[in-house]
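Once you've looked at the hints, dock chain E against the given chain L.
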Amino acid sequence: MSQAVVDRLNAQFGERVLETSDAFGDHEVRVALKDWAELAQFTKDDADLQMDHFIDLTAVDYPERESARFDLVLMTRSSVTGARIRLRTHVKDGEEPGTLSGIWSGANWAEREVWDMFGIRFNGHPDMRRILLYEEFVGHPLRKDYPIDKAQPLVPYRDVDTIDKLPPFGIEEGQPFARIDWESRLAGADSQVSPALGVQQGQRRTLSDSEAAQQIQARIEAQMAKRAEAAQASEETSEEGSEE
Amino acid sequence: MGQLKVIDGGGEVAVTTRLSDLLQWARKWSLFQYPFVTACCGMEFMATAAPRYDIARFGAEAPRFSPRQSDVLWVVGTISQRQGPAVRRIWEQMADPKWVIAFGTCASCGGFYDNYTTIPGVDKVIPVDVYIPGCPPRPEAVLDALMLLQDKIQANDRKPVVVPPRLVPERAPGRTGEGDS
Chain L
1 MSQAVVDRLN AQFGERVLET SDAFGDHEVR VALKDWAELA QFTKDDADLQ
51 MDHFIDLTAV DYPERESARF DLVLMTRSSV TGARIRLRTH VKDGEEPGTL
101 SGIWSGANWA EREVWDMFGI RFNGHPDMRR ILLYEEFVGH PLRKDYPIDK
151 AQPLVPYRDV DTIDKLPPFG IEEGQPFARI DWESRLAGAD SQVSPALGVQ
201 QGQRRTLSDS EAAQQIQARI EAQMAKRAEA AQASEETSEE GSEE
Chain E
245 MGQLKVIDGG GEVAVTTRLS DLLQWARKWS LFQYPFVTAC CGMEFMATAA
295 PRYDIARFGA EAPRFSPRQS DVLWVVGTIS QRQGPAVRRI WEQMADPKWV
345 IAFGTCASCG GFYDNYTTIP GVDKVIPVDV YIPGCPPRPE AVLDALMLLQ
395 DKIQANDRKP VVVPPRLVPE RAPGRTGEGD S
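Line order of the protein sequences matches chains L and E.
Our numbering puts the first residue of the first sequence at 1, with every later residue one more than the last.
Our numbering puts the first residue of the second sequence at 245, with every later residue one more than the last.
Next comes chain L alone, as it looks inside the complex (with noise of 0.2 Å):
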């Protein structure tokens, strides 16, 4: 079905359509940043392919990779032919690729959380503004070289002495996997203290790690040897009954 979207653009835009594929079923059509906003208008107004119906735009994070940081990806359906389409393209660090809100005015909201949540900028945007997080906030949190840990409250956390109220739980009491170590996050806001990497870190205990697990360990340990003690005791005293 979305075969015919793929051959369409195609025959349109020749050499300009980088890449297809058809993982799955999906069908996908790369295109260069330049001719992004050119592309999906000519999908929106095309009389075979009418793609009047935006479902997501969204964006991926490639630190790793030289020519392009980020893939900006866009998915469309047709509500007359049924059809569906993903373009996908390349987006460098810093680079703004125009707007498609004045295609698909649902691509307005999308585009504010793909800034809000990569850091790209789109040319042309009416109102390029955050929407989930919050002004105050640096950086963008889906990048992958965001701290996993690094949180920036609004209202500073309580000093609770002042307040005369329980301190906050330590990491090691109730459910250690909420527990979250608080004090070390806003210390060094950069460190590394999500669970399982902060664990294997040595940032942050685990609950076996605390003294009551320690100590019930120990006791644990004294009634196995105990018992191991007595076990040898009665094996003697029958092997010396049998001696007899």
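Keep in mind the hints are simulated off the structure, nothing from the lab.
Don't be surprised by glycine CBs; every beta carbon is placed ideally from N, CA and C.
Treat the hints with caution; some may be incorrect.
With the Cβ distance kept under 10 Å, some of the chain E side facing chain L (calculated, not the full set) [said to hold, decoys possible]: (1) Gln325; (2) Thr361; (3) Asp367; (4) Lys368.
If you anchor each label on the Cβ, the simulated ranges turn out as follows [stated by the list, open to error]: (5) E:Val281 with L:Glu96: 33 to 43 Å; (6) L:Gly82 with E:Arg308: 46 to 56 Å; (7) E:Thr361 with L:Gly82: 30 to 40 Å; (8) E:Ser310 with L:Val80: 43 to 53 Å; (9) L:Gln232 with E:Phe302: 52 to 62 Å; (10) E:Arg308 with L:Gly102: 42 to 52 Å; (11) L:Pro156 with E:Leu263: 31 to 41 Å.
Same frame as chain L, now just chain E:
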């Protein structure tokens, strides 16, 4: 109530107590609530507030949609960093004496949201009196929290508490054999 003294005057009975005790008694039975509902825990909150669990037994059935008229702030659900200023401001607008209940795991400690966008427990922003664990907690746990809060109010105890788990008698440790499946 704390110190009660019953004076029996032959057919007419008078009871005396301390004024502070009487005040706390009045407070604990007329908790006007401000529900700050942000997430799925809200469904359990609605269940608790609905007639089946009859929260009116505790004098806590009246929601007030202005923080200035309410006594208990229910923080029900995940609090994102962006909501921090809002919940802080609501808490500041409430008149003393005021109490805060963290409803569910997310409000208590952030739950499984260990990322840039979620406050790891609303107690980082406002002081919390009662924590209700659960994802989401059952209405019974919520009622337990309410009774716990009442006890704390009566005792004038501002130390935060976590609602303890209830043991189902037939599942209690040590019990084996018939009846268990």
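Here is what the structure says about each hint:
no.: 1; hint: Gln325; in the structure: holds (6 Å)
no.: 2; hint: Thr361; in the structure: holds (7 Å)
no.: 3; hint: Asp367; in the structure: holds (6 Å)
no.: 4; hint: Lys368; in the structure: holds (4 Å)
no.: 5; hint: E:Val281 with L:Glu96: 33 to 43 Å; in the structure: holds (40 Å)
no.: 6; hint: L:Gly82 with E:Arg308: 46 to 56 Å; in the structure: holds (51 Å)
no.: 7; hint: E:Thr361 with L:Gly82: 30 to 40 Å; in the structure: holds (36 Å)
no.: 8; hint: E:Ser310 with L:Val80: 43 to 53 Å; in the structure: holds (51 Å)
no.: 9; hint: L:Gln232 with E:Phe302: 52 to 62 Å; in the structure: holds (60 Å)
no.: 10; hint: E:Arg308 with L:Gly102: 42 to 52 Å; in the structure: holds (46 Å)
no.: 11; hint: L:Pro156 with E:Leu263: 31 to 41 Å; in the structure: holds (39 Å)
Checked against the numbered hints given earlier, the structure satisfies every one of them.
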